[in-house]
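Participant: Sequence:
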Amino acid sequence: MRIAVAREIDPTENRVAATPETVKKMKGLGADVSVEPDAGTKSGIPDAEFAAAGATVTDAAVKDADVVLKVRRPAASELARYKKGALVIAMMDPYDEDAALKAMADAGIVAFAMELLPRITRAQVMDVLSSQANLAGYRAVIDAAAEYGRALPMMMTAAGTVPAAKLFVMGAGVAGLQAIATARRLGAIVTATDVRPAAKEQVESLGAKFIAVEDEEFKQAETAGGYAKEMSKEYQAKQAALVSEHIKKQDIVITTALIPGRPAPRLISKDMVASMRPGSVIVDLAVERGGNCELAQAGEVVESGGVKIVGHRNVPGRIAASASSLYARNLFAFLEILVDKNAKALAVNWGDEIVKATALTRDGAVIHPSFAPKSAA
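Here the sequence shown is numbered in the numbering used here, starting from 117 and rising by one per residue.
Note that these hints are calculated values from the structure, not bench results. It is possible that some hints are incorrect.
[To be verified] Cut-off 35 Å, straight-line C-alpha distance, at most; resulting in silico cross-link-like pairs (DSBU-like, lysine-lysine): (1) K460 x K218; (2) K199 x K472; (3) K316 x K424; (4) K199 x K424; (5) K349 x K490; (6) K316 x K282.
[Unchecked claim] Listed next, with one range per pair, are the computed distances between beta-carbon atoms: (7) E231 x T273: 44 to 50 Å; (8) R393 x E330: 25 to 31 Å; (9) Y211 x R393: 46 to 52 Å.
Quick caveat: nothing in here was measured; it's all calculated off a predicted structure. Heads up, the beta-carbon is just placed ideally off N, CA and C, and yes, glycines get one too.
Construct the complete structure from the given sequences, taking the supplied hints into account.
Facilitator: So, in structure tokens, the structure goes:
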């Protein structure tokens with residue numbers, strides 16, 4: 117069983133799909149592990165550390181690999197180097213990417229999309245969305261504090277008192293809750309909003325105040341899988357009016373709202389931005405999906421009327437060492453269910469609910485029911 121750890125070719129991707137810790141664990145499964153040179157350099161892991169853990173560092177790592185571990189979906193130039201039938205495990209970003217999925221199918225690889233894991237207890241240890249969102253929420257507060265021209269906590273000094281910053285988190289999923297916790301630790305006065313009723317208790321448990329229109333639609337605003345539903349235009353209008361008044365008084369706003377497979381919901385209009393005080397900061401964690409803020413630009417920090425709007429791409433990659441460590445553990449946990457530990461060989465159980473939920477391509481076809489061509493679905 118040969119496992120390869122690929123070097124990411126996207127220049128903006130600083131993470132890596134394995135660490136020396138998980139290399140040792142893969143060796144324990146009976147695997148020969150190869151790592152492409154400089155795969156972990158941007159995450160602070162030199163080749164020598166992978167070699168010390170038992171991996172072979174070589175440019176030919178992926179050539180004959182049975183399993184290839186990656187952070188991002190492989191590009192066409194990478195697919196040409198993989199052997200037919202190889203299992204490729206990564207965050208595949210499959211939504212609206214028909215050509216990319218077809219390319220993987222045509223290459224004959226078996227692609228697994230880690231972000232499609234089912235919301236079940238057994239899959240929690242593999243949940244890459246949660247592990248990476250957790251770090252994104254933390255980093256968003258750090259980025260906001262760096263752009264904000266004042267201190268976050270209240271400071272009482274001989275020269276006078278510095279008031280605490282008011283910070284508003286929009287979307288109280290994993291990223292939002294970590295942003296709340298981090299902002300509270302830094303001393304900000306924190307409020308938060310979300311369309312899911314269950315979020316209210318979570319927000320308040322972290323010491324923040326919950327802001328929302330709590331009508332009948334709000335009480336039904338969560339899917340069975342725990343995701344937020346898209347709300348009616350009427351509710352969105354009422355919520356927007358409430359938020360609009362609240363945002364005027366905030367120093368920092370962090371938006372985290374995403375709906376799987378859909379563009380990010382628009383939460384902050386340019387008029388709301390204009391109502392904020394100069395020197396305020398907005399951090400849009402949904403910028404790569406179109407953005408929660410109307411004025412956010414992917415990969416840029418823009419300014420409008422003295423308000424800074426932060427739109428960094430790949431926020432978990434801005435804290436790459438920690439992100440890689442958690443992501444590598446997620447991947448190893450997933451890999452374990454694909455291996456017969458007694459035979460020390462790959463043994464994919466295609467009936468396993470986790471395997472069925474994450475398998476995108478197999479035998480030259482896109483097999484996932486949500487992404488297969490309609491004629492084949």
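Participant: All the hints need checking, so say for each whether the structure fits it.
Facilitator: The hints, checked one at a time:
no.: 1; hint: K460 x K218; verdict: holds (31 Å)
no.: 2; hint: K199 x K472; verdict: holds (22 Å)
no.: 3; hint: K316 x K424; verdict: holds (28 Å)
no.: 4; hint: K199 x K424; verdict: violated (47 Å)
no.: 5; hint: K349 x K490; verdict: holds (30 Å)
no.: 6; hint: K316 x K282; verdict: holds (19 Å)
no.: 7; hint: E231 x T273: 44 to 50 Å; verdict: holds (47 Å)
no.: 8; hint: R393 x E330: 25 to 31 Å; verdict: holds (28 Å)
no.: 9; hint: Y211 x R393: 46 to 52 Å; verdict: violated (37 Å)
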